[in-house]
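Novice: Below, each chain spelled out in residue letters.
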Amino acid sequence: MAEALLSVDGLCKAYGALTVSDNVSFEVAPGELHALIGPNGAGKTTLIHQLSGLLRSDSGHVRLGGEDITRLPMAERVHRGLARSFQITSILPGFSALENVALAAQARSGSSFRFFANAAREDDLNAQAMESLRTVGLQGRASTPAGVLSHGEKRLLELAIALATAPKALLLDEPLAGTGKEESQSVTATLRQLKGRFAIVLIEHDMEAVFALADRVSVLVYGKIIATGTPEQIRNDPAVREAYLGEEGEAAHA
Amino acid sequence: MSAAGTDIAVTAKARQAVGGRERAIIATFVLLALAPIAAQAGPQGYIIDLITRMMIFAIAALSLDLILGYGAMVSFGHAAFIGLGAYAVGILASHGVTDFVVQLAAALAAAAVFAFVTGALSLRTKGVYFIMITLAFSQMLFFFGVSLSAYGGDDGLSLPERSRLFGLPLFSSDKGLFYATLACLIGCYLLCRAIVASRFGRVLRGARENPVRMTAIGFSPYRFQLVAYVISGMMAALAGALLANQTGFVSPAYMSWQRSGELLAMTIFGGVGTLVGPIIGAMAFLALEEWLAGLTEHWKMIFGPLLVCVVLFARGGIMGLAARIGGKRDG
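As you go down the protein sequences, you meet chains A and B in turn.
Quick note on numbering: the numbering used here labels position 211 of the first sequence as 211, and the sequence is numbered without any gaps.
Quick note on numbering: the numbering used here labels position 89 of the second sequence as 89, and the sequence is numbered without any gaps.
It should be emphasised that the hints constitute simulated quantities derived from the structure, not laboratory data.
Where hints are given, some of them may not hold.
Claimed, not checked - Once the Cα atoms are required to be at most 25 Å apart in a straight line, the calculated SDA-like pairs of lysine to any residue come out as: (1) B:126 x A:55; (2) A:224 x A:116; (3) A:168 x B:220; (4) B:126 x A:181; (5) B:126 x A:75; (6) A:181 x A:17; (7) B:126 x A:73; (8) A:224 x A:79.
With the rest of the complex left out, here is chain B (with noise of 0.2 Å):
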């Protein structure tokens, strides 16, 4: 009696907590779209980069979250992805090669490669030590980066024109760089939703739980976490490329462990496992670091205090707070 009881209340809190999401992700797209027409009032350029820049990093995020809350894969590396991406469409445009298409081709291409290459090789190992050698593959990446004189080395280098689509200048307006990227967001958006429900995704899923049951139904988890790890990857090289065009600018600071670490804690502070928590979570943490840095010189005295709050009080980061809260609501 009493564990049907509890049945009962499990099912129900996770299907509430499920309508939740859907509730959030909806109004935060609807927000989105509707954000360069609030922003006419006040300093629209600013708005419209910033905003935009978030929505870069949450493709980034949500990528990460792919892996690590459907796959418990933690990759320390994923920035090298994002840097794979801009890099892609920084060189091909210095040579001239301005098509969108033809740059995201490459870009993703390049991350494919590497991401099997080197997740064939982590995936042989677990936790820690998958960690770090995600974090040695991308400082591989970083100071390759670094050596590239060609391409501007450690300074980097300007993109001479943003990228078009169909030789049409699509993203020489911000405008027209903002609804890409809310796009882009949406696609990978709905693409990751399908996976995670899909049978690749349940295999995924299973795998977190308990590698050796999966094993014992027939299941080499190993490849289904190696093709996750790709198409994260190359989910996060879509970020570098849209980030190229944003920023202008390609350098291997886009590659370097600091960005993953940020990256980990954007996808942590929204809330893993649920996708749309990394999104949330991607651009608050960006939109607090622009707030703080407004405040004082000294607002990652701040800022880092508070993410470890989160971490500590806020289980579930700002999704499981959410569902908290509404739980106590609806109670």
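Just chain A, same shape as in the assembly (with noise of 0.2 Å):
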């Protein structure tokens, strides 16, 4: 296998007696799409907010590209090349789509001490922010205030936002959060086209997307992966089927 651009290695983190993540390690290599799955409260959003800076953790590893990041204030993880997205939308409502986009960019090149110059009037960022939201398909609504955009729009426009820091890997929490039939194809689209251009760790509930989706998959209960592998073998491995699925499966009976 080839060396790993992310890994995780024993990071753990605890409210109290309560441990929320539990020496959790784990590796993703260039390109590919690691999907973390997990019952809810196992603890996925606490980790995507340790990898990328908004939670410190207690003990344990990070490394981008063979450098330690682990102490790391997010933003500085963003230059390195490590970007996320939110399970619950965080956009600028305020500013219109492209604007999102293009202060993204703007983080990245050059200097934003800069007191005169209209920037939104940067034909180079503008551009850059344009092609991210061609990539996500949201280059008709550029001009849109963010807030006024539907749902499945504002989840595009999240994964538009994370493209335009230009960053080796990704960090998707739930991007599929709260999306109807339609919208989830069309973010599902997205990620395929995605796929193998970044590193991608994936944490999504829906099983149909992630199982097509993912190179590998861990799955974490209570803080701890008990298993990692090829979806094939997740979706037969008799822990996981126990722990997960097999509740998922008994409540799509009921």
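Using the hints, put the two standalone chains together into the complex.
Specialist: Below is the structure:
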């Protein structure tokens, strides 16, 4: 296997007696899509917060391209090529879709301590932003205030913003959260297009999407990874079936 | 379809509001420039003096809007910067340094240092804590002024003469000070407008809407907020330097928390986050105060409830009200 781009080693996080991440280790190779699944409350989002730098880890290491980034603040991790999306849509509602993305491009092209020239007229930033919007299929909504976009479009905008930071690795926290059937298809299609271009850590509840997209799947239960493998292996793993898929299966029957 | 419809409506409305603001500010500046000529018909000295004062507070309110309206930093200690500017002029003048360039340089440097140090600490807090800590810092400066017995202490000190510009007594006539103040106001407005639209301003506005998102694309909002706080403080110090010249007097009262509260009221009264609003708000605030004070000595009984009504019923202040009336007329 290729050298890992993102490697997580013995990551822990506890709130008092409650252990939320329990010695989590996994690796993501360049271009690999690694899905993290697990029942509600398994600590998936906490883990993404730790990887992205929003939450401090108690112990363990996160490495990106061999560099230890465990203690770096979030903004520094982004500059090194680790971008994330949020489970609960996090955009600038008063800005146009284009400006939402252009700001991400601005963050990595030159100083932002410029006080006089109009930023909205910087063609270079706008062109980069437009390209990201095109990748997710939102080019037609560029001038729309982000706050009035439909929910599915906001999910796509989240992706476009992450892409505009020129990442090496993407942490995607439930990109399909709250989307309807049609919306979920367009987001899934976009994800398929991103696959292979970036190392991706994907958290998702939509099993259909996970098994269709993932190269490897890790199953998180009570903060612990209980299994890692190809979608096929995970589907047939008895421990996983018991801990997770079984519940879902019963729920589906009920 | 319907989404696209709202979309066009929203952008059109926003554009209309901006267009309206442009017209309002150009009209304001033109009226101000003509005011001394019109004032010849009445008590000229009084009117010029009053309008100069209005413009000085417009600069201060404008500077507050830069951090309040675009950075969501509610500073309850902005009068401290006015005081710093005024004292820089007063203290230097009492030592015979009357050149405005030197005085202003001292005022801006003092404000920049004070803003940097207090801002660096204040900006580590959020919300109510930020309000309280900025208030605390300005109160510290207020009591420092009170204890400055060499410069009049509680009583303040009178300026021996107004500032000179390159040796010329440009400010000695009321009209000279009037036009100098107007030039400063226009300059500050244009500067703020450029800053708000710049790369820097865009990061500041982004951090106002969603600081976590800004961090997640690689910005540290803190640094941008601190720089904005310093710029704003320096601009308020310019207002203070002009105020010292206008009144010919400097006292700790310029830094009182009531003064900081008035600045907030002016900004909110005019319309936060519009730049134009606080300019008009400050002038309307002082004009109203002057007019009501002429009617009755209990004018605060009318003034207070009036401000409450504006905040309650005219969201977005004067600019918000104007936009709604304009919207109804055009729609």
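Novice: Does each hint fit the structure? Answer for all of them.
Specialist: Going down the list of hints, with the structure as the test:
Pair hint residue 126 of chain B plus residue 55 of chain A holds up; C-alpha atoms about 19 Å apart against a cutoff of 25 Å. The straight-line distance between the Cα atoms of residue 224 of chain A and residue 116 of chain A is roughly 51 Å, outside the 25 Å bound, and the hint therefore fails. Taking the CA atoms of residue 168 of chain A and residue 220 of chain B, the gap is near 21 Å; set against the 25 Å cutoff, the hint holds. Using a Cα cut-off of 25 Å, the hinted pair residue 126 of chain B and residue 181 of chain A is violated, with the two alpha carbons roughly 40 Å apart.
Taken as a hint, the residue 126 of chain B and residue 75 of chain A pair is honoured in the structure, with Cα atoms around 20 Å apart against an allowance of 25 Å. Pair hint residue 181 of chain A plus residue 17 of chain A does not hold up; C-alpha atoms about 40 Å apart against a cutoff of 25 Å. As the CA atoms of residue 126 of chain B and residue 73 of chain A are separated by approximately 19 Å, the hinted pair is consistent with the 25 Å bound. Taking the CA atoms of residue 224 of chain A and residue 79 of chain A, the gap is near 29 Å; set against the 25 Å cutoff, the hint is violated.
In the structure shown, a violation is registered for the earlier hints numbered 2, 4, 6 and 8, in ascending order.
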